[in-house]
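With chain A fixed as given, assemble chain B onto it according to the hints.
There are 2 protein chains.
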Amino acid sequence: MAQDMTLLWGSGSPPCWRVMIALEEKNLQGYNSKLLSFEKGEQKSKEVLDINPRGQLPSFKHGNVVVNESYAACFYLESRFKSQGTKLIPDDPTEQALMYQRTFEGLTFYEKLASVLFYEYYVPEEEQHDSALKRNKENLSTEIKLWEGYLAKLGSGSHLAGPALTLADVVVFPTVAFLFRFGLSAERYPKLGEYYALLKDRPSVKASWPPHWLENPKGQDTLKDL
Amino acid sequence: MAQDMTLLWGSGSPPCWRVMIALEEKNLQGYNSKLLSFEKGEQKSKEVLDINPRGQLPSFKHGNVVVNESYAACFYLESRFKSQGTKLIPDDPTEQALMYQRTFEGLTFYEKLASVLFYEYYVPEEEQHDSALKRNKENLSTEIKLWEGYLAKLGSGSHLAGPALTLADVVVFPTVAFLFRFGLSAERYPKLGEYYALLKDRPSVKASWPPHWLENPKGQDTLKDL
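Chains as they are written, first to last, in the working numbering: chain A, 1 to 226; chain B, 227 to 452.
For reference, chain A alone in the conformation it holds in the complex (with noise of 0.2 angstroms):
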């Protein structure tokens, strides 16, 4: 159990849900866990902010230790419980290799995704351009291809870096889970519609879905037509 441990976390919201399934995947059930609002903007409040100077979620302490950006934490808690739960990182050399580059790629995959999504949270009103979202849609899409490519090159029912589950899926699952829940067509993408299947239903990943998504089982179809 997992009881000097509070995560501060927003409901769906892609980097806290990675700190969310790494806890899991490390068998760190029981921690203190509090649900707040973004529309609130309690991202900002004091009880973030003593931990996290930039008022951001997620937000992670364990004891005395802050790790509050989302690789951070779960690179930390690989390392800090290394032998319990699902092994996050390969001893080998080379399976690492693969598994360092997918998790940091799917940095890039996450920003292509929430530069569409979030367009009109992000960019004030008058410095919107049709031309820029047209433009992050095509990025989108691009990218979305390297990553059906990648996981054709490995087969069926693999992960990301190869048969087992790494880090590197525990950072970009959420970004896939976005996908879907915003109209992606698995038709068109079977490969990460398959990837999809294959993780949605793992315990992690269930024990972690967002709430709101719970409430509110249909999404958009803001992506139907990538």
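Please note: incorrect hints may appear among the correct ones.
[Unchecked claim] With a cut-off of at most 30 angstroms between alpha-carbon atoms, the simulated DSSO-like pairs for lysine-lysine come out as follows:
{"hint": "1", "chain 1": "A", "residue 1": "Lys191", "chain 2": "B", "residue 2": "Lys272"}
{"hint": "2", "chain 1": "A", "residue 1": "Lys44", "chain 2": "B", "residue 2": "Lys266"}
{"hint": "3", "chain 1": "A", "residue 1": "Lys145", "chain 2": "B", "residue 2": "Lys287"}
{"hint": "4", "chain 1": "B", "residue 1": "Lys266", "chain 2": "A", "residue 2": "Lys82"}
{"hint": "5", "chain 1": "A", "residue 1": "Lys153", "chain 2": "B", "residue 2": "Lys272"}
{"hint": "6", "chain 1": "A", "residue 1": "Lys34", "chain 2": "B", "residue 2": "Lys379"}
{"hint": "7", "chain 1": "A", "residue 1": "Lys40", "chain 2": "B", "residue 2": "Lys371"}
{"hint": "8", "chain 1": "A", "residue 1": "Lys61", "chain 2": "B", "residue 2": "Lys270"}
{"hint": "9", "chain 1": "A", "residue 1": "Lys44", "chain 2": "B", "residue 2": "Lys417"}
{"hint": "10", "chain 1": "A", "residue 1": "Lys145", "chain 2": "A", "residue 2": "Lys82"}
{"hint": "11", "chain 1": "A", "residue 1": "Lys46", "chain 2": "B", "residue 2": "Lys417"}
{"hint": "12", "chain 1": "B", "residue 1": "Lys270", "chain 2": "A", "residue 2": "Lys145"}
{"hint": "13", "chain 1": "A", "residue 1": "Lys153", "chain 2": "B", "residue 2": "Lys287"}
{"hint": "14", "chain 1": "B", "residue 1": "Lys360", "chain 2": "A", "residue 2": "Lys134"}
{"hint": "15", "chain 1": "A", "residue 1": "Lys87", "chain 2": "B", "residue 2": "Lys313"}
{"hint": "16", "chain 1": "A", "residue 1": "Lys87", "chain 2": "B", "residue 2": "Lys360"}
{"hint": "17", "chain 1": "A", "residue 1": "Lys134", "chain 2": "B", "residue 2": "Lys266"}
{"hint": "18", "chain 1": "B", "residue 1": "Lys360", "chain 2": "A", "residue 2": "Lys40"}
{"hint": "19", "chain 1": "A", "residue 1": "Lys134", "chain 2": "B", "residue 2": "Lys379"}
{"hint": "20", "chain 1": "A", "residue 1": "Lys137", "chain 2": "B", "residue 2": "Lys272"}
{"hint": "21", "chain 1": "B", "residue 1": "Lys363", "chain 2": "A", "residue 2": "Lys82"}
{"hint": "22", "chain 1": "B", "residue 1": "Lys371", "chain 2": "A", "residue 2": "Lys46"}
[What the hints assert, rightly or not] Restraint ranges, calculated between C-beta atoms of paired labels, are given here:
{"hint": "23", "chain 1": "B", "residue 1": "Asp451", "chain 2": "A", "residue 2": "Gly157", "range": "53 to 59 angstroms"}
{"hint": "24", "chain 1": "B", "residue 1": "Pro429", "chain 2": "A", "residue 2": "Gly149", "range": "38 to 44 angstroms"}
{"hint": "25", "chain 1": "A", "residue 1": "Lys46", "chain 2": "B", "residue 2": "Lys426", "range": "36 to 42 angstroms"}
{"hint": "26", "chain 1": "A", "residue 1": "His212", "chain 2": "B", "residue 2": "Glu413", "range": "47 to 53 angstroms"}
{"hint": "27", "chain 1": "A", "residue 1": "Lys40", "chain 2": "B", "residue 2": "Lys260", "range": "51 to 57 angstroms"}
{"hint": "28", "chain 1": "A", "residue 1": "Ser141", "chain 2": "B", "residue 2": "Thr320", "range": "39 to 45 angstroms"}
{"hint": "29", "chain 1": "B", "residue 1": "Arg414", "chain 2": "A", "residue 2": "Lys206", "range": "48 to 54 angstroms"}
The set of hints was computed from the structure by calculation and includes no laboratory data. Glycine included, C-beta positions come from ideal geometry on N, C-alpha and C.
Chain B only, in chain A's frame:
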């Protein structure tokens, strides 16, 4: 000697520079080093695309292992050559936590720098807004103050995650070097100035100093009022 390694890189690219510092710190001199020109678009050449479908630099190969993302390459090199050269990831989990945290905050630091320095390069002219660039500058200024504060807390002569150099310095130093190359005031940010002075003469940093900065030692003053 590292004759089984190849690094394709561009002069003054912070991501490339990270990998070059890591190679030096791990005593991996003698790799096949090929300087390509962004101006000539050589990052889209067949030579790069054969290793890196994204057509980006750095592109890095060790034997048959390809690791192109700069952070991934640094993690791979540290893991593969753990007992060689500088230990970039400390053993102690608490020290690791701070190191991971700063390492990943480093991505935000670089992003905020790039959103100012490369604004006109990345944003098509008809989509540029003075209001956006102004906001980017304010965000960069806030970010710089955060790092100035981190260094102030650690005390004089410190590296980013404690007394010794770690992975955090390897990945963040190029961003700091860019700040001063583009005119940041070391009087206004004395801790960052001290940190820059400490690192710039380190052998790994000197050996990998951007060649076009050596040719033209004088930088620009874009950030002088920040």
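field: Given hint Lys270 of chain B paired with Lys61 of chain A - CA-CA distance at most 30 angstroms
entry: Given that 30 angstroms is the threshold and the Cα spacing comes to 43 angstroms, the pair is violated.
message: Between the alpha carbons of Lys134 of chain A and Lys266 of chain B, is the straight-line distance 30 angstroms or under?
response: Roughly 27 angstroms separates the two Cα atoms, so the pair holds.
- prompt: Is it true that the CA of Lys44 of chain A sits at most 30 angstroms from the CA of Lys266 of chain B?
  reply: Since the Cα atoms of Lys44 of chain A and Lys266 of chain B sit roughly 45 angstroms apart, the hinted pair is violated (cutoff 30 angstroms).
query: Does Lys371 of chain B lie within 30 angstroms of Lys40 of chain A when you go C-alpha to C-alpha?
result: Given pair Lys40 of chain A, Lys371 of chain B holds - Cα atoms ~27 angstroms apart, limit 30 angstroms.
- request: With a cut-off of 30 angstroms on the C-alpha distance, tell me whether Lys145 of chain A and Lys287 of chain B pass.
  value: Answer holds: Lys145 of chain A to Lys287 of chain B is near 23 angstroms, not above 30 angstroms.
- prompt: For the pair supplied as a hint, Lys134 of chain A and Lys379 of chain B, is the alpha-carbon distance within the 30 angstroms limit?
  reply: Violated, because 45 angstroms separates the two Cα atoms, which is more than 30 angstroms.
message: Between the alpha carbons of Lys363 of chain B and Lys82 of chain A, is the straight-line distance 30 angstroms or under?
response: violated, 41 angstroms
message: Next pair to validate is Lys145 of chain A with Lys82 of chain A; report whether the Cα-Cα distance is within 30 angstroms.
response: violated, 33 angstroms
message: Run the distance test for Lys153 of chain A versus Lys287 of chain B: straight-line Cα separation, threshold 30 angstroms.
response: holds, 19 angstroms
task: Decide if the proposed pair is consistent with the structure: Lys270 of chain B and Lys145 of chain A, CA atoms, cutoff 30 angstroms inclusive.
output: holds, 18 angstroms
field: Restraint status (C-alpha distance of Lys360 of chain B to Lys134 of chain A at most 30 angstroms)
entry: holds, 24 angstroms
- request: Determine whether the Cβ-Cβ distance between Lys40 of chain A and Lys260 of chain B falls within the hinted range of 51 to 57 angstroms.
  value: At 52 angstroms between Cβs, range holds.
Against the hints set out earlier in the document, violations occur for numbers 2, 4, 8, 10, 16, 19 and 21.
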